[in-house]
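Read off the chains here:
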Amino acid sequence: MSAIQFWTTIFIVLSFSVYIYIAWRSRVKETAGFYVAGQGIPTVANGAAVAADWMSAASFISMAGLIAFLGYDGAIYLMGWTGGYVLLALLLAPYLRKWGKFTVPEFVGDRYSELVRTIAAGAAILISFTYVVGQMRGGGIVFSRFLNLPVAGGVAVAAAIIFTYAVLGGMKGITWTQVAQYTVLIVAYLIPAFAIAQTITGFPIPQISFGSVLAELNALSIEFGLDSYTQPFTARPQIDVFLVTMSLMIGTAGLPHVIIRFYTTKSVRGARYSAFWALLFIALLYSTAPAVGAFAKFNILDGVGGTAVTELPEWVDSWEATGLVIVNPEVETIESISNNPADEADLTVDNDILVLANPEIAGLPAPVVGLVAAGGMAAAMSTAAGLLLVISSSASHDFYFRRVKKGHASESEKLLVGRLAMAGAVVIAVIGGINPPAFVAQVVAFAFGLGAASFFPTLVLGIFWKRCNAKGAAAGMSVGLLFTATYMIWSLYISPGSTVFNISPEGIGTIGALVNFAVAIIVSKSTEPPPEDLMELVENMRYPAVARRGGAPAGPTVDQAPESELGGA
Amino acid sequence: MSESKQPVAPDDEWREQYWKRNLRLMVGLLVVWFAASFGAGILFVERLNEIVIGDFPLGFWFAQQGSIYTFVVLILVYALRMDRLDEEFGVDERDAEGKRL
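Chains as they are written, first to last, in the working numbering: chain A, 52 to 620; chain B, 9 to 109.
Any given hint could turn out to be false.
Below, in silico cross-link-like pairs of lysine-lysine (BS3-like), each with a Cα-Cα straight-line distance of 27 angstroms or less [unchecked claim]:
| id | chain 1 | residue 1 | chain 2 | residue 2 |
| --- | --- | --- | --- | --- |
| 1 | B | Lys28 | A | Lys317 |
| 2 | B | Lys107 | A | Lys317 |
| 3 | A | Lys522 | A | Lys576 |
| 4 | A | Lys576 | B | Lys28 |
| 5 | B | Lys107 | A | Lys517 |
| 6 | A | Lys517 | A | Lys576 |
Just a few of them, taken from the derived set where beta-carbon distance is under 10 angstroms, the chain B residues facing chain A [unchecked claim]:
| id | residue |
| --- | --- |
| 7 | Leu33 |
| 8 | Leu38 |
| 9 | Trp41 |
| 10 | Ile61 |
| 11 | Phe70 |
| 12 | Tyr77 |
| 13 | Phe79 |
| 14 | Leu82 |
| 15 | Ala87 |
Hints listed in this document are in silico derivations from the structure and should not be mistaken for laboratory results. Virtual Cβ for every residue (Gly too), placed ideally from N, Cα, C.
Looking at chain A on its own, in the form it has when it is part of the complex (with noise of 0.2 angstroms):
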């Protein structure tokens, strides 16, 4: 066994005992604190949990290995997946925190009706599968780098790891174990940028002294072959730049793994301090990332170029056995660099293995390695148990117990039908992540585009406009849907790499926001207004406290109308 194996086993059975032992102690058994915790988190522990559910294996194992690649283009995730927060704060997680309700579909099954709810519930199932494949990948690449399985055997560990683990804790403990895996995950990424940034610039904090290998890291990239690393544009036209980016920001936005969040916290009030405390944690990691990318770059443009293959460094051997780093048998010295095996370049890096193999590029030591390994497991672990959270609850409380049994489900019956679920999942999650459709990343971004073109519209329509209806709701979010699945199907499969407009399927979101958007618009307007007591009860999401102090009563409550309407919860 050597140093870094040694190291990563360290690692990683010591932060999965933690994992396990704070999903133990904070088990539940009541549906309240299985599905929000019971509205208990602080804000602050709330924020990281956020952030750690939000930053999958995609941010820390993939993103700065595709900043790397595609340069000011990688900005796309950058922006996309960090500006989608200021939308939720400032026009979702409140006004759902003061609706009150578990999920996201059940805050569309009041607002609008049952049939919205289907879809709605149909659609985080769809995204949340999307997404879960991307997370599968990732852990499964650390598997398979640091205890030697094959890719496939990776993904199944990671599997079986995040299935025991997401059934042992409900919201509450997948919430306090976020809270941890957020801590190990920004260590575990920061420690080494902050040591890759010394020992390049003589500086320590990437942010700031990146900037000060970009001119060389230009001039060694046109040198290679590759484009300019500052130059926009480059991997995509600005138009499809200015629409990925848009998806991915209105994605986030409308994600429902994310936006469940916000109902764990105590107050209106919190619900927007969490969202700002989130993206601080987020922005840690984000404005990391591009330092990361820059400083990778420039190692192995600067240490593996013009090298001979005979005298490459060691890391180069330790990944080609993962199939995810592959020097051309053909060639004496490395003269050209690609991410992409079908360009054939002397030697091909996968974007996956970049922050991954970072330590070691860099000459750091095993320890550092084997941390970096549990973070990327951390990232990945977190993620796919809120999603496998979704999903259960998708598929058992608005699913199965509201449609198939109206209401008539045991406890035990409901919670069988979530295990059941969540046991499909992740077989379906398996087969997609040793199948892959394209990078993690690119796989998550499909998610985002989904994600865009459904809820988004739907959930700000049903806030700010009283005056849309269920039937407005209901085609908008599947014509939107439609609409963007189609066309994603159509790019990547039918006839692969057409485009219209030169938009990318990742960019389709933002068009199927706006059909969305417009049919609902149309829809209602040309049918009848909501009834008035639910115009009354949207009036008053807008409105934090229950009553107004020192004058009239601001209505009645939220919480209370929707039950008695519904025959409770």
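Chain B: place on chain A using the hints.
Just chain B now, with coordinates in the frame of chain A:
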């Protein structure tokens, strides 16, 4: 700010005022959100890249660093300003002892 008088208005008028001020704040912040990311980071990136500050081409910096910092500040400003607005209109959430939740 906390000393301000309760707006003396018929029941629905305070609602309208509160909502209008909320929307005004929201739209203002969203304009900044758009300008920092889509404006400086995408639409005008090439022109801004001609300016180099501390080794960073400015457009590139906005796309990969500046926009993220702006987002964090925007949410903080929103949460703080909404605290004040809620208090002014008496719709802030308090527990039984009158402490803010």
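Structure-based check of each hint:
1. Proposed proximity of B/Lys28 and A/Lys317 is supported: the alpha carbons are some 26 angstroms apart, at most 27 angstroms.
2. Distance restraint check for B/Lys107 and A/Lys317: the Cα-Cα separation of roughly 13 angstroms lies within the 27 angstroms cut-off, and the hinted pair is therefore satisfied.
3. Under the criterion of a C-alpha separation no larger than 27 angstroms, the hint pairing A/Lys522 with A/Lys576 is consistent with the structure, at around 10 angstroms.
4. The straight-line distance between the Cα atoms of A/Lys576 and B/Lys28 is roughly 23 angstroms, inside the 27 angstroms bound, and the hint therefore holds.
5. For the hint linking B/Lys107 to A/Lys517, the alpha-carbon distance of about 32 angstroms lies beyond 27 angstroms, and the restraint is violated.
6. Proximity of A/Lys517 to A/Lys576 is assessed by CA-CA distance (about 11 angstroms); at most 27 angstroms being required, the pair is judged to hold.
7. The criterion of a C-beta within 10 angstroms of any C-beta in chain A is met by B/Leu33, whose closest approach is roughly 9 angstroms, and the hint holds.
8. Of the supplied interface hints, the one on B/Leu38 holds, with its beta-carbon coming within about 7 angstroms of a beta-carbon of chain A, less than 10 angstroms.
9. The interface hint given for B/Trp41 is met, as the beta carbon of that residue sits about 5 angstroms from the closest beta carbon of chain A, less than 10 angstroms.
10. Hint status for B/Ile61 relative to chain A: holds, with the closest Cβ pair at about 9 angstroms, below 10 angstroms.
11. Below 10 angstroms, beta-carbon pairs count as interface contacts, and B/Phe70 has one with chain A at about 9 angstroms; its hint therefore holds.
12. Below 10 angstroms, beta-carbon pairs count as interface contacts, and B/Tyr77 has one with chain A at about 7 angstroms; its hint therefore holds.
13. Checking B/Phe79 against chain A by beta carbon gives a least distance of about 5 angstroms; that is within 10 angstroms, so the hint holds.
14. Contact between B/Leu82 and chain A, as hinted, is supported at the beta carbon level, the nearest pair being about 5 angstroms apart and thus within 10 angstroms.
15. Because the closest C-beta pair between B/Ala87 and chain A is about 4 angstroms apart, less than 10 angstroms, the hint holds.
Of the numbered hints listed earlier, the single one contradicted by the structure is hint 5.
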